[in-house]
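Asks: The primary structure of each chain is shown beneath.
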Amino acid sequence: MQDEPTPTELIKAVADFLRNEITPVIKGHNAFKLRVGINALDLVTRQLALEPDGDAAEAARLSQLLGMQGSLGELNRALADRIAKGEMDLQTPGLSDHLWQTTMDKLAVDQPNYASYKRELGDA
Amino acid sequence: MMEQELGRCVASWCSGATGVVGATKLSGGASQETWSFDIMHPRGHIGAILRRAPPGYGASPSRAAGLDAEATLMQLAHDAGLPSPRVMHVLTPDEELGAGFIMQRIEGETIARKILRDPQFAKARPVLARQLGKVAAGIHGLPASKLPELRHMTATREIADLEREYRSFDWPRPVFELALRWLRDHDPGPPQEVTLVHGDFRHGNLIIGPEGLRAVLDWELAHLGDPMEDLGWICVNSWRFGEIDRPVGGFGSREELFAGYQQAGRRVDPDRVKFWEVMGTLRWGVMCCGMMQRFRAGPDHSMERAMIGRRSSETEIDLFRLLAPRGK
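Chains as they are written, first to last, in this note's numbering: chain A, 248 to 371; chain B, 316 to 643.
Check each hint, because a few of them may be wrong.
Restricting the straight-line Cα-Cα distance to at most 25 Å, the calculated cross-link-like pairs of lysine-lysine (DSS-like) are [claimed, not checked]:
#1 B/Lys340 x A/Lys274
#2 B/Lys340 x B/Lys449
#3 A/Lys274 x B/Lys429
Just so you know, the hints here were simulated from the structure itself, not pulled from any lab data.
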C-alpha cells in the first residue's frame, strides 16, 4: 500500500499553486500554455474521481446490451462493429440511453463547462 | 535576417520601399508559416503578411489547395468586391523565400472569445450572420472559368475520406459509427450546382472589426463542391464557443445567415446545410482524435495537442444532440 497524500491530493496541490501563484506572473503565449496545463491537471483529478464508477456502469450496460462479457475496450469495439454492420442503431432498445449516459460521463471528466453538457444536465 | 530577405524581395516590386521592419512569425508548422511585417515607405508604413512554405517544403498535404491557388482565390475574391486582402506579390524561386505570397495586412480580431464577448464588437455581432451569408454567396458565385485547379469533393467522397481516417486510428467509437451511418443514410447526392467552396469558413479565418466582417482568410481547404458545405460548417457547435443558441458562430441565427445568402441571389437548401453541419461536427471530432494520435506519436508532444484530443467527446454530445435529441 502506497503512502499518502493520494495522487489526487498531490495534483490538486500543484494545480492550486500554478493557478494562484504562477498565473499572475506569467504573460503572453506561456500564460495560455499554463492555462492549458492547469486544465489538464484538473481533468486528471476529475478522471481519478469519476472513472472507476463510470467505467463499471458502462461495462455493465454494454454486457447487457450486447449479451457478452469482456473488457471495456472489447465491449466498445463489439458495439462499434455492430453499429457499423447495421445490426444495431438508434432504434435498438437501450442503445440511445446507454450512449447518452456514456457521453455524459465522458463530458463530466473532459469538459464539465461545455455548454451542450450543461444544457443536457439542465443547468443552463 | 528575415527582414533583409523580405526587404530585397519587396524592393523589386514595391516602388519607393526602403526596407522591412517588425517581421514577426504569427504561426507556423513545419510546412507552412505566416509572417507579419511592415514595408517602410516614404508615404508611411504598409502592413503586410507573408504566407509561405519555407524553402525545401514544396508539397502540401493532399487536402490543401496549394499556396498558388490560395493567392489566386484571394485576389479573385478581392477583385469581386468581397472582403479579402489584396495580394501584393507572389513569390518567385529566385527570391529564395520559398513558395507563397505576400498580401495586404488587414487589422482586426480573429479570436472568437473576444469577438463574442468584448464590448467593442457589440454592434458587429447582430449583423455578422447576415454579412457572412452575403459573403458566402459571393464566394460561391465567383466565376468558374477564372478559378485555379482545385479538387472536386462530393458528399459521398467526403464521408468515405472521413471514415477512412477514423478507421486508421483503430479507436472504436460507437457515437462516431452512428454518425457515419446517419451521413450515409442522408447523403444528399450531387448538388444542383457545383461551386467554389471556401472549406474553412469559421472563426479564426474571419477578421472582424467593430463594424463587422473585414476579411475572409485561409483558402487552404478551398475546393469545388456543394456550396451548402460552407453554411453547414459555420453552424458547427464547436465554433459557437458557449453561445449554443446562436448557431452561426455564436453570434447569429440560421435565418439571418440564410437571408443574407438569399438576398445575394442564391438559394439555400436547409436539409443540405444540416447534413454538412453533422459532417462538420464529426470531422472536427475525427480531427481531435487525430491530434491525440499525433501527440502520442510525436514529434509535437505538446500539452495543447494532448488536450485537444480530449475534446472529441464534445463532438459526441453535439452529434447526439443533432441525431437523437432527448425529450423529443
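Asks: Run every hint past the structure and note whether it holds.
Replies: Taking the hints in turn, this is what the structure says about them:
In summary, the hint linking lysine 340 of chain B to lysine 274 of chain A is supported, as the alpha carbons are separated by about 18 Å, within the 25 Å threshold. With a C-alpha separation of about 32 Å, the suggested pair lysine 340 of chain B and lysine 449 of chain B falls outside the 25 Å cut-off, and the hint is violated. At roughly 18 Å between alpha-carbon atoms, lysine 274 of chain A and lysine 429 of chain B fall within 25 Å of each other, so this suggested pair holds.
In terms of the numbered hints stated before, the structure departs from hint 2 and from no other.
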